[in-house]
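**Q** With the hints as constraints, model all of the structure from the sequences given.
Taking the working numbering, the leading residue of the sequence shown gets 12, the next gets one more, and so forth.
Honestly, the hints are just simulated from the structure, not real lab data. Just so you know, even glycine gets a beta-carbon here, dropped at the ideal spot from N, CA and C. Heads up, a few of these hints could be off.
[As the list claims (entries may be wrong)] Quick list of in silico lysine-lysine cross-link-like pairs, DSS-like style, CA-CA up to 27 Å:
id : residue 1 : residue 2
1  : Lys95     : Lys219
2  : Lys222    : Lys205
3  : Lys95     : Lys222
4  : Lys90     : Lys125
5  : Lys95     : Lys205
6  : Lys219    : Lys206
7  : Lys146    : Lys219
8  : Lys95     : Lys146
9  : Lys222    : Lys206
10 : Lys95     : Lys181
[Claimed, not checked] Derived CB-CB ranges, DEER-like:
id : residue 1 : residue 2 : range
11 : Gly124    : Gly91     : 21 to 29 Å
12 : Asp136    : Trp48     : 36 to 44 Å
13 : Ser221    : Phe58     : 38 to 46 Å
14 : Phe58     : Gly124    : 26 to 34 Å
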Amino acid sequence: MFRWLTNNLLWTAGFYIVLVLSGTIIVSAVFLPVLLWLLLPFFLFCFAFFRNPVRECGDQDETLLVSPTDGRVLNVERKGDTCKITIFLSVFDVHVNWIPTAGVIESMTYRPGKFIVAWSPKTSDNNERHDVVIKAVNGQRIEVRQIAGLIARRICWWVSPGQTVQRGDKFGMIRFGSRVEILVNRDALDVYIKKGQYVYGGHTIIGKWSK
12 MFRWLTNNLL WTAGFYIVLV LSGTIIVSAV FLPVLLWLLL PFFLFCFAFF
62 RNPVRECGDQ DETLLVSPTD GRVLNVERKG DTCKITIFLS VFDVHVNWIP
112 TAGVIESMTY RPGKFIVAWS PKTSDNNERH DVVIKAVNGQ RIEVRQIAGL
162 IARRICWWVS PGQTVQRGDK FGMIRFGSRV EILVNRDALD VYIKKGQYVY
212 GGHTIIGKWS K
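**A** Here you go:
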């Protein structure tokens, strides 16, 4: 319980929320005490949303890839040379993002955009997005897209180009309901998950490098 409080990302990624809530609580306590009963549930929700769980992949086989996020698999689509896995995060899911495979951050691209609901097919092309391309130790490339949704209005990332990363490292967060996409060469990955499945970031095995 104590670690849930001290390790919570609300103190860092959501620091401005703490400031606003603290100020509102102080003002309410003086002028409108009844408002405190409305603020308390929201404060608890924020703590739950910014939770920062410690996850480990039990299998030590580094050819296995872990999910970069918690959420429900919307689609596993193979088109041309690309396999795209789409995962939807509700406001109740953990919104921390994990590195799926060991390698080096090859490039990062931020693109401003709209805030269409995250389950819409238009989300990928139109919404605010941050793309992270990782060159894996086997030479293959995998792209992880952090995509904002209707409620999610800010994407955070904690890595930089050229940085060496390990499978299961935390690399970012999307605030409130959102979407994550994984793009990889369709012949390079044997996918283990399917549409409708719930996955856990940093823990669920989503596939295995086939070459």
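**Q** Confirm or reject each hint.
**A** Cross-check of the supplied hints:
1. Lys95 - Lys219: Distance ~15 Å between Lys95 and Lys219 Cα, so the pair holds.
2. Lys222 - Lys205: Between Lys222 and Lys205 the Cα gap is close to 21 Å, so the pair holds against 27 Å.
3. Lys95 - Lys222: holds, 18 Å
4. Lys90 - Lys125: holds, 25 Å
5. Lys95 - Lys205: holds, 12 Å
6. Lys219 - Lys206: Holds. Lys219 to Lys206 sits at ~17 Å (cutoff 27 Å).
7. Lys146 - Lys219: It holds: about 15 Å lies between the C-alpha atoms, which stays within 27 Å.
8. Lys95 - Lys146: Holds, at roughly 17 Å.
9. Lys222 - Lys206: Holds, at about 24 Å.
10. Lys95 - Lys181: Holds, at roughly 21 Å.
11. Gly124 - Gly91: 21 to 29 Å: Holds: the Cβ-Cβ distance is about 24 Å, inside 21 to 29 Å.
12. Asp136 - Trp48: 36 to 44 Å: For Trp48 against Asp136, whose Cβ atoms are near 43 Å apart, the range 36 to 44 Å holds.
13. Ser221 - Phe58: 38 to 46 Å: Given range 38 to 46 Å: holds, Cβ gap about 41 Å.
14. Phe58 - Gly124: 26 to 34 Å: holds, 29 Å
No hint from the list above goes unmet by this structure.
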